[in-house]
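In order, the protein sequence lines correspond to chains A and B. Count the first sequence with the numbering used here and you get residues 1 to 221, in order. Count the second sequence with the numbering used here and you get residues 1 to 311, in order.
By construction, these hints were calculated from the structure, which means they are not laboratory data. The beta carbon of each residue, even a glycine, is placed where N, CA and C say it ideally should be. It cannot be assumed that every hint is accurate.
As the list claims (entries may be wrong) - Cut-off 20 Å, straight-line C-alpha distance, at most; resulting in silico cross-link-like pairs (EDC-like, lysine to aspartate or glutamate):
| no. | chain 1 | residue 1 | chain 2 | residue 2 |
| --- | --- | --- | --- | --- |
| 1 | B | Lys181 | B | Asp215 |
| 2 | B | Lys159 | A | Asp166 |
| 3 | B | Lys159 | A | Glu202 |
| 4 | B | Lys159 | A | Glu75 |
To be verified - In silico negatives: residues of chain A with every beta carbon more than 12 Å from chain B:
| no. | residue |
| --- | --- |
| 5 | Gly62 |
| 6 | Ala63 |
| 7 | Val206 |
| 8 | Pro211 |
Here are the chains, one letter per residue:
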Amino acid sequence: MSAPVLRLQHGRVSLALHQRRDGEGRPLLLLHGLGERTPDAVPEPLAAWPGPVVGLDLTGHGASDVPAGGGYYCEALMGDVDAALAHLGPCTIHGRGLGAYVGLLIAGARPALVRGAILADGPGLAGGGPTPPSPAVVTSLGSSPSRATPDPWAMLELSRDVRPPDYAATYARLASVNSGLDVAVAVVGVNRPPWLEAVVQEPGVVACSLPEALDRFAAVD
Amino acid sequence: MDAPEPLEDETRTYPGARRPDRQRRVDANGIGIAVYEWGDPRARPVLLTHGGFDFAATFDLLAPLLADAGLRVVAWDQRGHGSSDHAALYAFEADVRDAAIVLDSISPEPIDVVGHSKGGSVLMQLANALPHRVRSLVNLDGVPSGRNVPDIPDHQRTKLMADDLTARLDHRRRVATLQRKPGTIAELAERRSRMNPRLDRAWLEYLVTIGARRDPDGWRWRIDPAMQMGGFGPWRPEWALMRLPDLGMPVLAVLGLEPELMGWGTRPEDVEPHLPPDGRVVALDHVGHFVHIEQPRLIADLILEHLERAS
Chain A
1 MSAPVLRLQH GRVSLALHQR RDGEGRPLLL LHGLGERTPD AVPEPLAAWP GPVVGLDLTG
61 HGASDVPAGG GYYCEALMGD VDAALAHLGP CTIHGRGLGA YVGLLIAGAR PALVRGAILA
121 DGPGLAGGGP TPPSPAVVTS LGSSPSRATP DPWAMLELSR DVRPPDYAAT YARLASVNSG
181 LDVAVAVVGV NRPPWLEAVV QEPGVVACSL PEALDRFAAV D
Chain B
1 MDAPEPLEDE TRTYPGARRP DRQRRVDANG IGIAVYEWGD PRARPVLLTH GGFDFAATFD
61 LLAPLLADAG LRVVAWDQRG HGSSDHAALY AFEADVRDAA IVLDSISPEP IDVVGHSKGG
121 SVLMQLANAL PHRVRSLVNL DGVPSGRNVP DIPDHQRTKL MADDLTARLD HRRRVATLQR
181 KPGTIAELAE RRSRMNPRLD RAWLEYLVTI GARRDPDGWR WRIDPAMQMG GFGPWRPEWA
241 LMRLPDLGMP VLAVLGLEPE LMGWGTRPED VEPHLPPDGR VVALDHVGHF VHIEQPRLIA
301 DLILEHLERA S
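For reference, chain A alone in the conformation it holds in the complex (with noise of 0.2 Å):
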């Protein structure tokens, strides 16, 4: 019936990672926006990788686990995907929104096992902006206690992070210099909040459509 599911832990959080496609060669790891969850099957405009297809669940969402009490921060899920990682060995990656940033975080931070990042539309890809914002503090969600996912926790804290600038583009140039690829990040959406804007920018960057971003990661070792 359904697809395999392999559970990672990650710190106190099971995270689901869900094989989506069998085949050989490196993975295409599916990182989903914000509230939403690994597609239950590989996207047609995707179907063209020629190797395998996974997807995580990032905390909270999907069919991992709900933490108590909020907290949600990118690093955080960056470190959800270097658990991905650790099992799947060297990966493409392929976010969506709030998974593009992710995506694009953890290209910066192990080089060495994200063969080429591409960065696309989808929900939660600004955050809460290049600056803070107002503050607010909100003490009750009135969440059930199923833990149902998406967390409404990480619904709230993850469309308020703040994204500058100048720390995205770090990490891309990272993921440039420290992977060896001519071209370690793809950006094939239309929306380009600041983050984005500063990280097209840099050496290493292209922006391209999604056929030629798979086409170009597919090809390199």
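Since the structure of chain A is provided, determine the placement of chain B on it from the hints.
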């Protein structure tokens, strides 16, 4: 099996230190937060908030002085610290939220708040978000500055960042199975003295008996081993500093001018341009980052005087 340890006298006292009169727990969206109180429960409340890697007992010198001056003193252990529950996720915004939940458990009326180090930043953010709930604010050596960020060339900074990211992710990979290292009271105090080099060893041993638990193989700090020093993310000192001018209540910023590993190295001239209309800064020579532990009487008097102005 190791030979059984020789019996050690495991009680510690410290001159002037007094444990809270009452303890309770509040639920912060599934995370149990330990809350402590000193003094008359009907008196004017003041909320104390500790810094990173500390816990409420670091107020065991200051709180009794405030309680004896007629206040209801409330302190709490932040998530992952002291006797509060460990969490899966730690973030500044979550600490601010937990602080608001503790505040809700004290009084619906505006109250006075005092925060040390990171606790000062948490309270500045809280006071901005809930200005109607904060009567006055005291920040104890918790106004950040960029002074302790070393001036190094860009390429070297990028290399340092790469190494830091690798170390942090490697740590995250191990975190599910991490345990704190067991030891004697003296050994734990010795380890803590690296973060608290100016503090009396007898004080640190006193803290061990509260902030650590006695396992069969020795004492272990209760603090969650998942937490690491320094933020994991793009946090910048300016983001805390920018909260200061917006505050509409009386604000007192205290600085300890002796440079320390855990401090920001902030000078009065870094703070003065950002002070709100009803704000002032007091800088203390020959005092380190832990102003309330080195000089509890002096700090209690500054707080009491500040609260008097806010009445």
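Hint by hint, here is what the structure shows:
| no. | hint | result |
| --- | --- | --- |
| 1 | Lys181/B with Asp215/B | 11 Å, holds |
| 2 | Lys159/B with Asp166/A | 16 Å, holds |
| 3 | Lys159/B with Glu202/A | 17 Å, holds |
| 4 | Lys159/B with Glu75/A | 18 Å, holds |
| 5 | Gly62 | 16 Å, holds |
| 6 | Ala63 | 16 Å, holds |
| 7 | Val206 | 21 Å, holds |
| 8 | Pro211 | 31 Å, holds |
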